[in-house]
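Residue numbers (this note's numbering), protein chains in the order written: chain A, -6 to 313; chain B, 60 to 356; chain C, 10 to 573.
Mixed in with the good hints, there may be bad ones.
Label-pair restraints from in silico Cβ distances [said to hold, decoys possible]:
| hint | chain 1 | residue 1 | chain 2 | residue 2 | range |
| --- | --- | --- | --- | --- | --- |
| 1 | C | Gly85 | B | Pro257 | 57 to 65 Å |
| 2 | B | Glu259 | C | Leu559 | 46 to 54 Å |
| 3 | C | Ile480 | A | Leu50 | 33 to 41 Å |
| 4 | B | Thr203 | C | Leu559 | 28 to 36 Å |
Simulated from the structure, these hints should not be mistaken for lab results. Just so it is clear, CB atoms sit at the ideal spot from N, CA and C, and this is done for glycine as well.
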Amino acid sequence: MDTFIQQLINGLSLGSLYALIAVGYTVVYGILQLINFAHGEVFMIGAFGALTTSLVLFNGNTALWTLPVMIIGAVVASVTTAVLMERFAYRPLRNAPRLAPLITAIGVSVFLQELVRLNYNKVPFTSWNPFNLPDAKSRIPFPQIDVVTGPAIQVGGVTIQRAAIFTIGALVICSALLWYFINRTKMGRGMQAVSQDADTARLMGINVDRIIVVAFALGAVLAAVAGVAQGLQNNNIDFRMGFLAGLKAFTAAVIGGIGNVEGAVLGGLVLGVTEAMATQYIPGQFGGGPWKDVWAFVLLILVLVFRPQGLLGAKEVDRA
Amino acid sequence: MTATAAASTAGSSTNVPLLQADGVTMRFGGLTAVNNVSMTVNEGEILGLIGPNGAGKTTFFNCLTGLYKPTEGQVRLAGVDLPPKPRAVVRAGMARTFQNIRLFANMTALENVMVGRYCRTSSGALTSILHGPKFRREEKETRTRAQELLDFVGLGDSTEHLARNMPYGNQRRLEIARALATDPKLVLLDEPTAGMNPLETRQASDLIFKIRDTGLAVVVIEHDMRFIFGVCDRVLCLVRGETLVEGTPEEVQSDPRVIEAYIGTATDEDDADKAEAGAGHNSDAGKGSAANDAEDS
Amino acid sequence: MRIPNIPLSFVTRHGSKAWPLGLTGAGMLIIGSLLSWSYDAQVLGNLSISFNPGGLQRLAIALALFAVVFLLASKGPLVRLGQWADTALGLRALATWTLLFMTLVVVAITVEAGGLINVQPGGWVSFLGAMVLFAASRLVMPTETRDLAEAVLPGWVEILVIVVIMAGLLFGAAYALSLDDAWAFVLFLVFVTGMAVAATRAGLLSWLGHVTARHKRVLILASFAVAFTFPLTQGGSDANMSIASQVLVFAAAAMGLNIVVGLAGLLDLGYIAFLGAGAYVGAALSTSGFATIGWKPPFIVVVLVAGCFSATLGLIIGSPTLRVNGDYLAIVTLGFGEIFRLTMFNLDGNNGPDLTHGPNGIPAIPDLSFGSFNFGDTHVLLGIPLARFSNYYFLLLLLMAFIIMVFHRLNTSRIGRGWVAIREDEKAAEAMGVNIFGLKILAFVIGAFLAGMAGAIKAHQDVSVTPDQYIFLESAFLLAAIVLGGMGTIVGVLVGAVILKLLPEKLRFFADYRLLLFGLLLVLMMRFRPEGLVASRRRQLEFHEEDEELAIRAEGDIAEKVQA
Ligand SMILES: Nc1ncnc2c1ncn2[C@@H]1O[C@H](COP(=O)(O)OP(=O)(O)OP(=O)(O)O)[C@@H](O)[C@H]1O
Ligand SMILES: [Mg+2]
C-alpha cells in the first residue's frame, strides 16, 4: 500500500508539472486551432529566467523570500518570449494553410533552444559578461531554495519531497486563479467567446488579436511556474528540457480533450500517475524507468483510438 | 408559370421510389435542426425543398449524404439502407453540390470533374506506379468522361481554367458536373441559382431538366420561388426543422401556412421579400443567404 | 533582393546612357579580372597572376559576359532574344549580384590576406566595373515581352540546351565540391545564385520549364547521365564521394517525406524513425558479428524486409492518428520519433530483449557485395578508380531513381488527384467519394516504406547503426529540405537537400550556428516564401490564396501538366 501511495504522490507531482504546461497548449489550441510546438521552449525559458534572476539579483542567496522574485523573473521571461513569438512568427500566418504555422512552430522551437544554448552566457550579448552567467551547453545547477528543497518529509513509509509539495501546490493555486480568470473576468469570458466562434466574437466588438495575445501570455505564466518547479525538483535545468516536457504536456492536453482547460489539468494528472504506476507495476523487462515515456506514448495512442475527443472533450460535429 | 415548366411537370416522373428518408432527426446539443423529416423521391422526379433561412434544409442534405450522422432516422436509396458515410452514399448513387461552393479551387475544371470519377475507378498505388494497363485505361476513360460532362453542363471550353478563376455561375455548373461524374442516380443541389442573374437562372433550370432527362432524379433547395415552382414536380416545405407541407407546386404555392411561415420567421425586409416570393414574385433573396452561409463555414 | 527604384523621370532622361555605361562596366569587369586581384597568392585559390585568371576571376568574367548578352539583347545583334526575355529585370538582378560578388571578393581578400592593401589594381578595376554595371542596370527601361511559352526553337537546339545546362550542372557540382576554402565556396554560391536569379527574372528559367516539358525524356536521361558521370569527375578521390553519397541518402529520404508532406499535405515529424527502423533491420540481418538476428537473407530481401517493417510501423502509428485530425499526426509522429530512439536505446538485454545493443548500437556492418562485386573494393572505370563511396553512390542513385519514379507517377495519377483534393477541401473531397483515410494512410505508409529501404542501405554505408543517429533534429532537417526546396516538387527537394547537407560540410566555421540559422530559416521561409525555392505551381497557389494575379498566371502551367 505504501508503494502505491508513494507512486501516486510521485505521479501527482509529475502530473502537476505536465498540467501546468498543458494549459498553455490547450488555451492556444482552443482559440487558434494551432499546436504551438514551441510552448515547451517557453517553459524552458521560464526556468532560465528564474535562474538568471537568482544569479543576477541574489548571487547565490537561497532564502525563501527570493523564490517569489524568481517566479516573477521566470514569468517575465516566458511571457515576453510567448508574446514576441505570437507577434512575429504566428500572427502573419493567421490565414495561411495549416501546415505553415506548424512548420513555423518547429522552427521557433529549434531557434529558441539554440539561442539559449549558444548565447546564455553572453547575455547581454556582448563579450562583456557582467553577470558571469554559466555556459548553457550542458546542465546548469538550479538554486535550491532552503525551505522548498530541504530534506524530504516522511509520512509512514511514504517519502514526500518538498519540491513535490511545491509543484502540486502551485498547480492548485494556479488552477484556482485560472478558473477565476476564465469564468469571472471580462477578459476571460472574451476568451471563451473567441474560442466558441472567433468571427462572431469579433462582430460583438471583442478584440480578437488581444485575446490571442492574452492566451499566449496566460499559457506562458503557467509554463514559467512549471519551469521553476522543474528546476527545484531536478536540481538542474538545461536547454533541452522543453522538448520532452512539451511533448508530454501536449499528450496530456490531448488526453484531457484539447481546447478544454479542465481537461488539460486532468489529463496532466492522469498522464503523470500513469507513468508513475507503469514504472512500478509493469512487471518484467518492459517495466521500470527506461520505458515510462513509451507507456505515456502508448496511452496517447489508446486515447486517440478509443476516445479521440479526450476525457473531457465534447464530441463536436464539424460544419459541412 | 412558364410554358416549359408546365410541359415538364406533365408526368415525366414515375412512382417508383428511389430515395426514402424516414424520420430523420438531427440535434446539435439543445438545438433540433431537423426534426423527424420524411421524404420520398421517385425515379426521374424533380423535388423542391424550400423553407426560410435556418429551416434545416442544408442540414437535412448533410444527413442524407452522410456528412452528418443523423441523431435518428434512416435513409434508403433504391431499397438499400445507406450508412451515414459520405463515401458509401456516393457509391450507392447519391451526389450533391454545396450551398457555398466548395470546388477544389486550385485544380482545373477538368481535374475537378476527374476527382468526381474517383469513386468509380479503382487503380491502386501499384498499377499507378507501374503504369499498368488498368491504369492507362481508367485514366483515359476518366479524362474522356470528364470532358463529356463539362460539355454537358456547358463548360466545354473552360476545361483548362482553374476553378478559382472561373466566374461564379460557371463554378456552380462545375460543381454540378463534378457531382454528375460520380454516376449518381440522384443529385442533391443546394441553392444552385444563388447569386445568379435571371439569364443564368434560366440556364440553370434548363440544365436541371437536361439532367432529369438523362434519367436522374433531382432534389433542389432554393429560395427563388419562381424557379422552384417552375422546375419541380413536387415541393416540400421545411420550417424550423419540420415538414410543413408537401405537394405539387400549385398546392404548396397556395397553402396559407407556407406564406405565414415565411412571414412568421421574417425578421427583416429581406425575409419579408421572401414571403412575397412565396406568393409568386421573383426575388433573389437567395443571394443574401448564400453570403451568410459562406461566412459561417 | 529588392533595391528601391530610381524615380522614373530620372530614368527616362538618362535611359539612353544605360547601354554604353553597361558595356563599359562589363568591359572593366573583364579587364580587371584578367589582371591580378591579390598580392597574396595563397588566398582564394591563386588570383595573383595577370593574364592567367584564377577560378573566381573566371566566374567574374562569366558574370560580365552574361551581362553583355543582356545588353546586346536590349539593343544590338541579339534583339531577337530581347523580344522574349525581360532583359531589364534580368540585368538588374545580375548587376546586383555581381556587385555583391565583387564586394565579397574584396572583403575576402582583406580578411584572408590581412588588410585592404592586398587588393591589387585589377581587383579594384573589376570592383569599379561592377559598380558601373550596377548603375547602368538601374537606368535600363523594362520592355514589353512576348509569352515565352510560344518561343519554340528547333527540337535539336532545345535538346542541346538541356544537355549543355546539365553538363554545366555537373561541372558546377564538381567544382563546388573541390573548393576547400570557405570564402571561395561562398563566392561560388553567390555566383550561382546570381546567375539563377538573373535567368529567372529574365524569364529564361520559365522558358526552360517549357522546353523540359517538351523533352521530358531527354531531361530525365541527361539528369541521370550527369549523376552517373559525377564520380568520374573526382579523379579517384573518395572524400567528396562520401559527402555526395550522404547527400543522396538525405535527398532520398527527403523525397520520400515529400510524398507525405508535399503531396498528401501531412506533417510527419518522426520520419527519421522510419529511416532508422530500416537501418536497424539492415544491421540486424547483416553478417556483422554484432548482428542480433540469425537469418541472413540476400540484400534485396533485406531491403524489402526493411521497407515492410517501416511500413508496418507507419501503419501502426498512422491508422489511429489519421482518423482523428491532421494536426495530431504532427505531434504523434514527433512522439513516435522519440519513442523509437528510446526503444532502440533500451533494447539492450537488460530492459527487454537484446536486439539493438542499446546505446552502443550495431557496429562493424560489412560492406555490401553482389556476387563478386564488393562495395568496399575500388573498381576502375574508364581508367578512373572508383572507391567505396562511389559504389554506394551508384546504388543510392538507383534508389533515388526509384523513389522519384514513385513520387512522380503517384503525383500524376488518380491517387495524386485525390491528395490534391484532400489538401484543397477535405470535406468536399469526402462528399465526392474520395477515400480520405485510405489516401492519407497510403501516403504515410509509402513514405515509411521508401525510408525503410533507404535506411537498409544507409546502415551498410555508415558501417554502424546507433540510436543517436536518429534524433528529432534529423527529422526536422528533412522537413527543412522540403520547405526550403519546394513542397511537392522533385527538383526542389534535390536543391533543398544539397543546400542543407553541403553548406555545413563546406562552411565548418558556422557549424555552431547551424541549428540556430536553420530554425530561423524555417520561420522565414514560412513567412516569405512558404512554397519553397523551386515551387510547385499548385502549392504556390495554395499558400497565396488571395493572389488573384498569380492564379491567372499559373493557370497555363497547371493546365499544361494536366494535359501531359
Ligand atoms: N454543425 C452544426 N452545429 C451546430 N448547429 C448547426 C450545425 N449545422 C447547422 N446548424 C444549425 O442548424 C440550423 C439549420 O441550419 P441549415 O444550414 O440547415 O439551414 P438552411 O435551411 O439550409 O438555411 P439557409 O436557407 O440559410 O441555407 C441553423 O440554426 C444552424 O445554425
Ligand atoms: Mg442552407
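Each hint tested on the structure:
no.	hint	verdict
1	C:Gly85 with B:Pro257: 57 to 65 Å	holds, 59 Å
2	B:Glu259 with C:Leu559: 46 to 54 Å	violated, 28 Å
3	C:Ile480 with A:Leu50: 33 to 41 Å	holds, 36 Å
4	B:Thr203 with C:Leu559: 28 to 36 Å	holds, 31 Å
In terms of the numbered hints stated before, the structure departs from hint 2 and from no other.
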